[in-house]
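The chain contents come next:
Number of protein chains: 2
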Amino acid sequence: MTKPILYGFFRSSSSWRVRLALAYKNVDYEYRSISLFKKEERSAEFEKVNPSKKVPAYILPDGKVLTQSMAIVGYLEDLYPDKNPLLPKDPYERALVREIVYEIVCDIHPIQNPALVAEMFPDNPKKCNDWAHTHIARGLKALETKLEETGMDSKGAKYCVGNKLTMADLVLVPQCYNGKEVFAVNLSEYPIIESIYKHLMSLPEFKTTVPDKQPDYEEK
Amino acid sequence: MTKPILYGFFRSSSSWRVRLALAYKNVDYEYRSISLFKKEERSAEFEKVNPSKKVPAYILPDGKVLTQSMAIVGYLEDLYPDKNPLLPKDPYERALVREIVYEIVCDIHPIQNPALVAEMFPDNPKKCNDWAHTHIARGLKALETKLEETGMDSKGAKYCVGNKLTMADLVLVPQCYNGKEVFAVNLSEYPIIESIYKHLMSLPEFKTTVPDKQPDYEEK
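Chains as they are written, first to last, in full-length UniProt numbering: chain A, 1 to 220; chain R, 1 to 220.
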């Protein structure tokens, strides 16, 4: 049987979200690397796969193309709802999960996207770096406050919502990891987030999908 | 019985998404205006409602707070799945709807957010306007190509996916409307999108929730 194909990149946070969902849903797939360092996502060849010129793209066995990481994650959840469910059953808890997801995927991640930031401040890597750092820090601070308000405590916090893995966790970790590794964001300023992050990074599915363990990993 | 409360603003695209979902789900609610023109979303009072200092915020009758427009829309869909469903049943079609939603809410809307753009280019309204226009146009172009690839034709296209209203439509219209009204984006360059937009804007739920019909409407 034909396997689905994931076009992604080791460094891309949104590709990592999909790698995580595929790992938790135990889906076998073929991986094709699109190097953002080499701007391969802007090639005419890849534009045919995704006119938005972004990774990830996920090709179903029948050839249909899905893009947008969280649409792919939602598709996997719809296909395999009982295999490590990524959404709680309670409507309010589901809303909290989605709130955290959107908080990161709309209000932090796009704003610090390196290609976009380079467009804002061309030829000014210092300003680009400061911008990304500021906006990740601002977003994580707001998120930390929200987590506090749901009654969470930094001591032993393991997951974003409830005591089970959800989509929120798949989104939190790549944002924190890249914030920390690429933009030197200090996670200890957000103790609940840091506690969740440390716990999640100890899980096998996170360890195997981490950027520096990917076949296309390279130092920049 | 206590009504839910929607904190929003007439001009905010994300508030409009929620107004639309509330209209389609026929939910009665109290509206409280937070003027983005007066920067009321940054007040200490509103920060207690939403630490991210953004509209919309939705207060449940028991006092719990939900933020992020599409988390609120998802919550309403979970609560009232059979009242004008906003997602198709087929997993691939659901994924297409979500793909369009994320394409707009992650990759167009935050990038052209006026407060953020003003931070990029302080005291340079011309550059701010050009940036917003460029990024809305680029995003709509990619979206137009995606819609084409799903087999859509500009002649008589009524909805983003299939022949029924979905979350994708609730997101498309505010983006197009504000693009057109605020940043002079020319929708006729995207014929499928324009056809869908014109059809949706003729529906009663869109007509009553349009920015200039809101109680807090004012010309800037």
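No lab work stands behind these hints: they were computed from the structure. In this text, all values refer to a predicted model and were calculated from it rather than measured experimentally. Worth double-checking, as some hints may not be accurate.
[Unchecked claim] Only pairs whose alpha carbons sit at most 30 Å apart, straight line, appear in this in silico DSSO-like list of lysine-lysine:
(1) R:Lys38 with A:Lys48
(2) A:Lys64 with R:Lys198
(3) R:Lys48 with A:Lys83
(4) A:Lys126 with R:Lys53
(5) R:Lys164 with A:Lys89
(6) A:Lys64 with R:Lys127
(7) A:Lys164 with R:Lys48
(8) R:Lys158 with A:Lys39
(9) A:Lys48 with R:Lys180
(10) R:Lys89 with A:Lys89
(11) A:Lys48 with R:Lys3
(12) R:Lys64 with A:Lys53
(13) R:Lys155 with A:Lys155
(14) A:Lys89 with R:Lys180
(15) A:Lys89 with R:Lys64
[Stated by the list, open to error] Label-pair distances were calculated between CB atoms; the ranges are:
(16) R:Glu119 with A:Thr145: 16 to 26 Å
(17) R:Pro215 with A:Lys198: 43 to 53 Å
(18) R:Phe121 with A:Lys38: 46 to 56 Å
(19) A:Asp82 with R:Lys3: 31 to 41 Å
By construction, the Cβ of each residue, glycine as well, lies at the ideal position given by its N, Cα and C atoms.
Okay, the hints, checked on the actual structure:
1. R:Lys38 with A:Lys48: Answer violated: R:Lys38 to A:Lys48 is near 44 Å, above 30 Å.
2. A:Lys64 with R:Lys198: holds, 28 Å
3. R:Lys48 with A:Lys83: violated, 38 Å
4. A:Lys126 with R:Lys53: Between A:Lys126 and R:Lys53 the Cα gap is close to 27 Å, so the pair holds against 30 Å.
5. R:Lys164 with A:Lys89: Given that 30 Å is the threshold and the Cα spacing comes to 26 Å, the pair holds.
6. A:Lys64 with R:Lys127: violated, 39 Å
7. A:Lys164 with R:Lys48: holds, 28 Å
8. R:Lys158 with A:Lys39: This hinted pair is violated, its Cα atoms lying about 36 Å apart.
9. A:Lys48 with R:Lys180: Given pair A:Lys48, R:Lys180 holds - Cα atoms ~28 Å apart, limit 30 Å.
10. R:Lys89 with A:Lys89: Holds, at roughly 18 Å.
11. A:Lys48 with R:Lys3: With a Cα-Cα distance of about 48 Å, the restraint between A:Lys48 and R:Lys3 is violated, given a limit of 30 Å.
12. R:Lys64 with A:Lys53: violated, 39 Å
13. R:Lys155 with A:Lys155: Outside the cut-off at roughly 58 Å; violated.
14. A:Lys89 with R:Lys180: violated, 40 Å
15. A:Lys89 with R:Lys64: holds, 18 Å
16. R:Glu119 with A:Thr145: 16 to 26 Å: holds, 21 Å
17. R:Pro215 with A:Lys198: 43 to 53 Å: holds, 48 Å
18. R:Phe121 with A:Lys38: 46 to 56 Å: violated, 29 Å
19. A:Asp82 with R:Lys3: 31 to 41 Å: holds, 36 Å
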